[in-house]
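*Asks:* Spelled out from the first residue to the last, the chains are:
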Amino acid sequence: AQSVTQLDSQVPVFEEAPVELRCNYSSSVSVYLFWYVQYPNQGLQLLLKYLSGSTLVESINGFEAEFNKSQTSFHLRKPSVHISDTAEYFCAVSEVGGYNKLIFGAGTRLAVHP
Amino acid sequence: NAGVTQTPKFQVLKTGQSMTLQCAQDMNHNSMYWYRQDPGMGLRLIYYSASEGTTDKGEVPNGYNVSRLNKREFSLRLESAAPSQTSVYFCASMPVLLSLGSGANVLTFGAGSRLTVL
Chain A
1 AQSVTQLDSQ
11 VPVFEEAPVE
21 LRCNYSSSVS
31 VYLFWYVQYP
41 NQGLQLLLKY
51 LSGSTLVESI
61 NGFEAEFNKS
71 QTSFHLRKPS
81 VHISDTAEYF
91 CAVSEVGGYN
101 KLIFGAGTRL
111 AVHP
Chain B
1001 NAGVTQTPKF
1011 QVLKTGQSMT
1021 LQCAQDMNHN
1031 SMYWYRQDPG
1041 MGLRLIYYSA
1051 SEGTTDKGEV
1061 PNGYNVSRLN
1071 KREFSLRLES
1081 AAPSQTSVYF
1091 CASMPVLLSL
1101 GSGANVLTFG
1111 AGSRLTVL
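Listed in order, the protein sequences are those of chains A and B. Taking the working numbering, the leading residue of the first sequence gets 1, the next gets one more, and so forth. Taking the working numbering, the leading residue of the second sequence gets 1001, the next gets one more, and so forth.
Only chain B is shown next, with the shape it has when bound in the complex:
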């Protein structure tokens, strides 16, 4: 069971460079999310996609763009990286269920992508 797969796991960029973090899930989940994790600040929501074809800003969207390519894939792009974007990035997905069963509202996380911007 692959679950949520993120690539790359590690990346070092120079200020001003661009890159895309890829995320794919094989659980047929409707909703997908990008979070960043920084020491002392927990996880902060960057962007989310409630369903295929829709994307919305989270708490800290500035400097990022996203694409929900299809139901499985949700990518995060840094157009011009800045040192403040040094962080660990997590992709997550969630099913949308009609009833509050055991899987309802539960996020499944990827293993994370550690990004350093010099």
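In isolation and in its complexed conformation, chain A is listed as follows:
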């Protein structure tokens, strides 16, 4: 069975600073990887995903994540954060051919301060 570990429960950062949110996964088979974002009092929405191909994937709002198979990681990065990026971020994994069952990490709360 697959599992996800998000190494930081909270990450405080100042506006315009870079940020990295860490995610490691465990699986005995090939995986798909995702980052979802949850803004206050809302449901989750997809930020970016890795299914195949290039290991570096990007979102439309400046986030990127790199799939590292040898380190079983999928860390999320942004070179310069904005106040509006304040949210909770969830890493998720599903196994290829595994009935589309997504397993989520515990989440990382990103707090951007002015």
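A portion of the hints provided could be inaccurate.
In silico SDA-like pairs for lysine to any residue, Cα to Cα no more than 20 Å straight-line [stated by the list, open to error]:
no.	chain 1	residue 1	chain 2	residue 2
1	A	Lys-101	B	Lys-1009
2	B	Lys-1009	A	Glu-95
3	B	Lys-1057	A	Glu-95
4	A	Lys-101	B	Arg-1044
5	A	Lys-101	B	Glu-1052
These aren't lab readings, by the way, just hints derived from the structure by calculation.
Given chain A, put chain B in place with the hints provided.
*Replies:* For chain B alone, kept in the frame of chain A given last:
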């Protein structure tokens, strides 16, 4: 575009009472899911339905039952509510695509149902 609709949005129950959370999607998705969200624990999968007519247990199925009524609807039932089931519940759906296109393996979530069991 309604997407995934959950009802009710809020509910307070007493220990031992029963209730059903309703979920419907209008995107013709094959797979549907119920998650619960608790502080510090992220989202945990309760049950899922890979396709109409099938249901399977997720990570935390105890105390819950589900029904995939048709392709659109997937309900979650608490037969005898307990305080440990106080949580925010999210329904989600996903298409099953033959190729890894832009919509492949992407969950669409409902707005959530906040349940308190006293």
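*Asks:* With a cut-off of 20 Å on the C-alpha distance, tell me whether Lys-101/A and Lys-1009/B pass.
*Replies:* violated, 25 Å
*Asks:* Run the distance test for Lys-101/A versus Arg-1044/B: straight-line Cα separation, threshold 20 Å.
*Replies:* With Cα atoms ~11 Å apart, Lys-101/A and Arg-1044/B stay inside 20 Å; holds.
*Asks:* Is the hinted pair Lys-101/A and Glu-1052/B satisfied, with a Cα-Cα distance of at most 20 Å?
*Replies:* With a Cα-Cα distance of about 15 Å, the restraint between Lys-101/A and Glu-1052/B holds, given a limit of 20 Å.
*Asks:* Does Glu-95/A lie within 20 Å of Lys-1009/B when you go C-alpha to C-alpha?
*Replies:* Violated, because 31 Å separates the two Cα atoms, which is more than 20 Å.
*Asks:* Within a Cα-Cα threshold of 20 Å, do Lys-1057/B and Glu-95/A meet the stated pairing?
*Replies:* holds, 16 Å
When each numbered hint is compared with the structure, violations occur for hints 1, 2.
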